[in-house]
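Enquirer: Residues per chain are reported as follows:
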Amino acid sequence: MLELSGITKSYGTHRVLDDVGFRVPDGRLTGFVGGNGAGKTTTMRIMLGVLSRDRGEVTIDGTPLTAADRRRFGYMPEERGLYPKMKVLEQIVYLARLHGFSKADATTRARALLEELGLGERLNDNIETLSLGNQQRAQIAAALVHDPQVLILDEPFSGLDPLAVDVVAGVLQSRAAQGVGVLFSSHQLDVVERLCDDLVIIAGGVIRAAGTREGLRRQHQGHRFELVSTGDAGWLRSEPGVEVVEFDGGYALFDVDADETAQRVLRRAVAQGDVASFTPRHPSLAQIFTEVIQETAS
Amino acid sequence: MSTASPSFAQSTWLVAEREIGSKLRSKSFVISFLILFLGALALVVWGGFSAGNDSGSPVAVTPDATSYVQNAAGLEVRDVADRGAAETAVRDGDVEAAIVADSTSPTGFVVIGDSSVSNTILMALAQLPKVELLDPTGDAGFLGYIVAIGFGAIFFISAQTFGATIAQSVVEEKQTRVVELLISAVPVRALLAGKVIGNTVLAMGQILILAAVAVIGLTVTDQTALLTGIGAPIAWFAVFFLFGFILLAALFAAAAAMVSRQEDIGATTTPLILLVMAPYFLVIFAWNNPLILGIMSYVPFSAPVGMPMRLFLGDAMWWEPLLSLAILLVTCVGAILVGAKIYENSLLRMGARVKLGEALKR
Numbered sequence: 001m002l003e004l005s006g007i008t009k010s011y012g013t014h015r016v017l018d019d020v021g022f023r024v025p026d027g028r029l030t031g032f033v034g035g036n037g038a039g040k041t042t043t044m045r046i047m048l049g050v051l052s053r054d055r056g057e058v059t060i061d062g063t064p065l066t067a068a069d070r071r072r073f074g075y076m077p078e079e080r081g082l083y084p085k086m087k088v089l090e091q092i093v094y095l096a097r098l099h100g101f102s103k104a105d106a107t108t109r110a111r112a113l114l115e116e117l118g119l120g121e122r123l124n125d126n127i128e129t130l131s132l133g134n135q136q137r138a139q140i141a142a143a144l145v146h147d148p149q150v151l152i153l154d155e156p157f158s159g160l161d162p163l164a165v166d167v168v169a170g171v172l173q174s175r176a177a178q179g180v181g182v183l184f185s186s187h188q189l190d191v192v193e194r195l196c197d198d199l200v201i202i203a204g205g206v207i208r209a210a211g212t213r214e215g216l217r218r219q220h221q222g223h224r225f226e227l228v229s230t231g232d233a234g235w236l237r238s239e240p241g242v243e244v245v246e247f248d249g250g251y252a253l254f255d256v257d258a259d260e261t262a263q264r265v266l267r268r269a270v271a272q273g274d275v276a277s278f279t280p281r282h283p284s285l286a287q288i289f290t291e292v293i294q295e296t297a298s
Numbered sequence: 299m300s301t302a303s304p305s306f307a308q309s310t311w312l313v314a315e316r317e318i319g320s321k322l323r324s325k326s327f328v329i330s331f332l333i334l335f336l337g338a339l340a341l342v343v344w345g346g347f348s349a350g351n352d353s354g355s356p357v358a359v360t361p362d363a364t365s366y367v368q369n370a371a372g373l374e375v376r377d378v379a380d381r382g383a384a385e386t387a388v389r390d391g392d393v394e395a396a397i398v399a400d401s402t403s404p405t406g407f408v409v410i411g412d413s414s415v416s417n418t419i420l421m422a423l424a425q426l427p428k429v430e431l432l433d434p435t436g437d438a439g440f441l442g443y444i445v446a447i448g449f450g451a452i453f454f455i456s457a458q459t460f461g462a463t464i465a466q467s468v469v470e471e472k473q474t475r476v477v478e479l480l481i482s483a484v485p486v487r488a489l490l491a492g493k494v495i496g497n498t499v500l501a502m503g504q505i506l507i508l509a510a511v512a513v514i515g516l517t518v519t520d521q522t523a524l525l526t527g528i529g530a531p532i533a534w535f536a537v538f539f540l541f542g543f544i545l546l547a548a549l550f551a552a553a554a555a556m557v558s559r560q561e562d563i564g565a566t567t568t569p570l571i572l573l574v575m576a577p578y579f580l581v582i583f584a585w586n587n588p589l590i591l592g593i594m595s596y597v598p599f600s601a602p603v604g605m606p607m608r609l610f611l612g613d614a615m616w617w618e619p620l621l622s623l624a625i626l627l628v629t630c631v632g633a634i635l636v637g638a639k640i641y642e643n644s645l646l647r648m649g650a651r652v653k654l655g656e657a658l659k660r
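Same order as they appear, the protein sequences are chains A and B.
Residues 1 to 298 in my numbering are what the first sequence lists, from first letter to last.
Residues 299 to 660 in my numbering are what the second sequence lists, from first letter to last.
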């Protein structure tokens, strides 16, 4: 398991990371979300040793990370880039060799991986002649070719069409299933929500929330309920302790001040007519995110 | 797992190998090298022809005038029976001029031409006073000038070509962001060392091929006298160029790392390009000025041109190239350290140009 603790980084007087700490467990997908300039890319670069930190520690299985450990990481930088005038296969082979594979091994792996990613017919084309989607696939191959123990992917889904999102998501899930710890950042909260097991929220260089997806949902579950009934739910508006969010005939979405209020509402609803459903509403990741950011802002 | 971490040397060599491979496959590089190669070849061959053309201008000579041409070099003598036959030969264009005895001429002979007589022939027949030089090595004449241009131009072209190559390759990696992938796999210094070594191998390869053209060409065209004079300076030139180029390469890489786009390379590499151009112009204008050449031969950036030139002219003591080389080596180590610092500090700074002060911090 990869773990960060107390990571601090400043550029001049501007502190971009402040006491950042979280875990990337093996075999799980960890989503890393935050606004622009929140410190996601800086954090990832520090994890990879591409950038130095002022303070703090990065450990793997409890021991400080070494350069040799980092060579077993797979990395996808936020801004994509490979050599434009180098052939696809050659490029991936080169990167595998930099990670310590022999030329023969590197070639076998690169070929197999590129074929798996659907680039089997473009092996000898220059990167610059590929479509953006195919360049992205080559980029994924670059991150995976050396069989990394840990994957750190900065915005792996940005700029992808929905089909390609599924391909990439599939690749990440299969790697996690093999025991690889995966950390990925994304602006697309719906994708993160669908994909990740764990979640880390960062804002202004500080970790605002971290934990399992379900845990965070429970934590931020609030008191929102959804009622679907045959009768008219208009009476809800005058019910003490209830605030109606949405209303349409027998449908109502509302917040309550306490659990007892919810129970009282349910009893009254049953008395008024047939209740088709009465469910607590789980907040979406987008809601949790907004809430967390606002909490800390106020 | 199946892999051991590659050593620093292995990583460096991998980077160097890619650098060399991608350059050799670039058409523009191959074409410009061929032009340089053919130019050097043409120069040597032309030199060979003009030197080998000693058979001279054909002249018709009557039996009574043979004594006048005996000591004249550069004439191809054809014997003719008398003045009449000589005039016919000139008129027919078989010879350029005829030399016949004539008691009315103060020299005892006349030169008969068709409409004019070339100076070459007149000079060959002229009787000049004997010249004695007090400092015979002081002035190598036209040949010295050619050699100066040769060393200057080759240094300038090679250092400029491969310096620019390094700069472009550094910025390409920065601009395409592939650099982040690279330095997550290998140490930054291995990346820098690989680039410097790769391009040094290419530049030295080019220099050695050109040197071989010169040496083989001079041997084949039988200009061995020139070869003995220029062989040692060429060897010294190669040695000085090796370290001079490493020095420049480290600085070019560092300068390029400070910008993020190819369009901005000029902003930081211009001072270096001037450094590379200066020895070329200086040696052309001042190749026979011992003071300027003396200074040039010790300043690390111009020593690769200045010292071989002085060796060719024969005004350097045996220990001078060694001292100059030592100065160059020390500067080279310094440049590598400073260059590596700038390179490391600037590599991930995207966007605006990194200020030199910031690049040198810590």
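There may be inaccurate statements among the hints.
[Stated by the list, open to error] Using C-beta positions, here's what the derived DEER-type ranges look like:
id: 1; chain 1: B; residue 1: Ile444; chain 2: A; residue 2: Leu51; range: 48 to 58 Å
id: 2; chain 1: B; residue 1: Ala307; chain 2: A; residue 2: Glu295; range: 46 to 56 Å
id: 3; chain 1: B; residue 1: Ser324; chain 2: A; residue 2: Arg111; range: 54 to 64 Å
id: 4; chain 1: A; residue 1: Glu214; chain 2: B; residue 2: Gln308; range: 24 to 34 Å
id: 5; chain 1: B; residue 1: Leu336; chain 2: A; residue 2: Leu51; range: 27 to 37 Å
[What the hints assert, rightly or not] Taking lysine-lysine pairs in the DSS-like style, the calculated list, with each CA pair at most 25 Å apart, reads:
id: 6; chain 1: B; residue 1: Lys639; chain 2: B; residue 2: Lys659
id: 7; chain 1: A; residue 1: Lys85; chain 2: B; residue 2: Lys321
id: 8; chain 1: A; residue 1: Lys87; chain 2: B; residue 2: Lys659
id: 9; chain 1: B; residue 1: Lys321; chain 2: A; residue 2: Lys103
id: 10; chain 1: B; residue 1: Lys321; chain 2: A; residue 2: Lys87
id: 11; chain 1: A; residue 1: Lys103; chain 2: A; residue 2: Lys85
id: 12; chain 1: A; residue 1: Lys85; chain 2: B; residue 2: Lys639
Please keep in mind that the hints were generated in silico from the structure rather than gathered at the bench.
C-beta: ideal position from N, C-alpha, C; glycine also.
Enquirer: Hints first: check each against the structure and report whether it holds.
Expert: Hints, verified against the model:
no.: 1; hint: B:Ile444 to A:Leu51: 48 to 58 Å; verdict: 54 Å, holds
no.: 2; hint: B:Ala307 to A:Glu295: 46 to 56 Å; verdict: 53 Å, holds
no.: 3; hint: B:Ser324 to A:Arg111: 54 to 64 Å; verdict: 25 Å, violated
no.: 4; hint: A:Glu214 to B:Gln308: 24 to 34 Å; verdict: 46 Å, violated
no.: 5; hint: B:Leu336 to A:Leu51: 27 to 37 Å; verdict: 49 Å, violated
no.: 6; hint: B:Lys639 to B:Lys659; verdict: 8 Å, holds
no.: 7; hint: A:Lys85 to B:Lys321; verdict: 11 Å, holds
no.: 8; hint: A:Lys87 to B:Lys659; verdict: 38 Å, violated
no.: 9; hint: B:Lys321 to A:Lys103; verdict: 20 Å, holds
no.: 10; hint: B:Lys321 to A:Lys87; verdict: 14 Å, holds
no.: 11; hint: A:Lys103 to A:Lys85; verdict: 20 Å, holds
no.: 12; hint: A:Lys85 to B:Lys639; verdict: 28 Å, violated
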